[in-house]
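Participant: Here the sequence shown stands for residues -5 to 435, where the numbers follow my numbering.
Please note: incorrect hints may appear among the correct ones.
[Unchecked claim] Pairs of lysine-lysine residues, derived as BS3-like cross-links and limited to a Cα-Cα distance of at most 27 Å, are as follows:
1. Lys185 to Lys31
2. Lys389 to Lys258
3. Lys368 to Lys220
4. Lys152 to Lys116
5. Lys148 to Lys(-4)
6. Lys46 to Lys389
7. Lys242 to Lys(-4)
8. Lys26 to Lys389
9. Lys389 to Lys378
10. Lys26 to Lys258
11. Lys116 to Lys258
12. Lys220 to Lys152
13. Lys132 to Lys368
14. Lys368 to Lys136
15. Lys398 to Lys26
16. Lys152 to Lys46
17. Lys152 to Lys31
18. Lys427 to Lys398
19. Lys368 to Lys407
20. Lys137 to Lys(-4)
21. Lys130 to Lys258
None of these hints come from the bench; they were simulated from the model.
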Amino acid sequence: MKVLYFDCFSGISGDMTLGALIDLGIDTELFKSELDKLNLAGYEIVISRKEKNGIWGTDVHVILNEEYDEHRKKVMEHMKHGHDHEHDHHHHTHEHHNYHEKHGHNEHHGHHSHTHNARNLKDIEELIDSSDLSRKVKEFSKKVFGEIARAEAKVHNKGINEVHFHEVGAIDSIVDIVGTAICLDLLGIDKVFSSPLREGTGFIRCQHGMLPVPVPAVMEILANSKIPIVTEDINTELVTPTGIGVIKCLASSFGNMPAMIIEKIGYGMGKRDTGRLNALRIVMGTLFEEDKLSEEIAVLETNIDDMSSEILGYTMECLLENGALDVYYTPIYMKKNRPAVMLTVLTDRQREEKMADIIFRETSTLGIRKTCMKRYCMDREIRKISTEYGDVRVKVALKGEIQKFAPEYEDCKEIARRTGMTLSSVYDLVREKVCPGFKAN
-5 MKVLYFDCFS GISGDMTLGA LIDLGIDTEL FKSELDKLNL AGYEIVISRK EKNGIWGTDV
55 HVILNEEYDE HRKKVMEHMK HGHDHEHDHH HHTHEHHNYH EKHGHNEHHG HHSHTHNARN
115 LKDIEELIDS SDLSRKVKEF SKKVFGEIAR AEAKVHNKGI NEVHFHEVGA IDSIVDIVGT
175 AICLDLLGID KVFSSPLREG TGFIRCQHGM LPVPVPAVME ILANSKIPIV TEDINTELVT
235 PTGIGVIKCL ASSFGNMPAM IIEKIGYGMG KRDTGRLNAL RIVMGTLFEE DKLSEEIAVL
295 ETNIDDMSSE ILGYTMECLL ENGALDVYYT PIYMKKNRPA VMLTVLTDRQ REEKMADIIF
355 RETSTLGIRK TCMKRYCMDR EIRKISTEYG DVRVKVALKG EIQKFAPEYE DCKEIARRTG
415 MTLSSVYDLV REKVCPGFKA N
């Protein structure tokens, strides 16, 4: 199982996350070609190697059109003095948008004191949905934006689509969030773990005046999230709304690094001087499984005899969207010969309480049975197969000499609808690509 561990020893922000993921070995040309699918104009993305406290990592800087000429002059002057480090520029000049300039923050937090045009959540979702990005990238990006939108709306006492984001409406934050989703997709990550978050103290100046650290939007995202956070004696902000929005939507658990075989380490450099290494470290590797039965899961069960099928279906969707490993219903008979269903939810131990909360909230049940089990699992990974009709993701499972694969239904469905082919024909086409000579039964 391919995993990431976010070591947030100096907090987390959008640009630090993107930099650390690229530092793991992402092909920058491939990354930029994927980012171009967003059709977002008016910016220059600069990806460069940077040194802090003797440690080298990747710095990502999103520059708006009006800043580009000034930045170019500084880079040329820097190179004249013998500091010729690698700079990778990618310029978008289709049109100009008057968005805010970046200040000396760890990233563009949306705390700037001057005005600028901004998008609301609906605008951003339409931008993402109209792009040619993969479904997985779109869904994760919108999930992060939604998390930040709900927090900003609560803080400012507005409807979710009334908030015109200083944070997520800016081009640079859109690039950070969508870029992060692209990197995760390119790396083919199965699971993400994170350390507790480190945050600073004091106050920072923003559009609304001086605000305490953590800023209100970060505090709102933290509320009831079960994300552990520790404050440090550093008089600045270390955790930004974008950063915590990403890690909340991404990490399955928070704590020490799990037993894993480390393959690569990436550093994403922050912009502030905090008096120590200001960076995010992301470790990539595979989980170490000395015992293949070491994966312990919780099985939650409850009997329901008084709810409509529509509500039961919605409950299943909620459970799966929030990370359940599997959800299913079994027809049963209860006392007085009442037809009913037994809801069964398989979940990892870290999410069992969250799953129980959803069951209590969405169903009429008054109690839930829990059983802890261990399970055998084949090693699984997602691979992309190229066909004449487009790329299709394929789930590949391995255990010794045993190999299994299954085309991704949503990708096959999209091709079938677009081309008029039958779904079974698309499946056969993909299987032939994976295993030449394959013939459907």
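Participant: Going through the numbered hints above, which ones does this structure break? Give me the numbers in ascending order.
Facilitator: Hints 5, 6, 11, 13, 14, 15, 16, 17 and 19 are the ones this structure does not satisfy, whereas the remaining hints hold.
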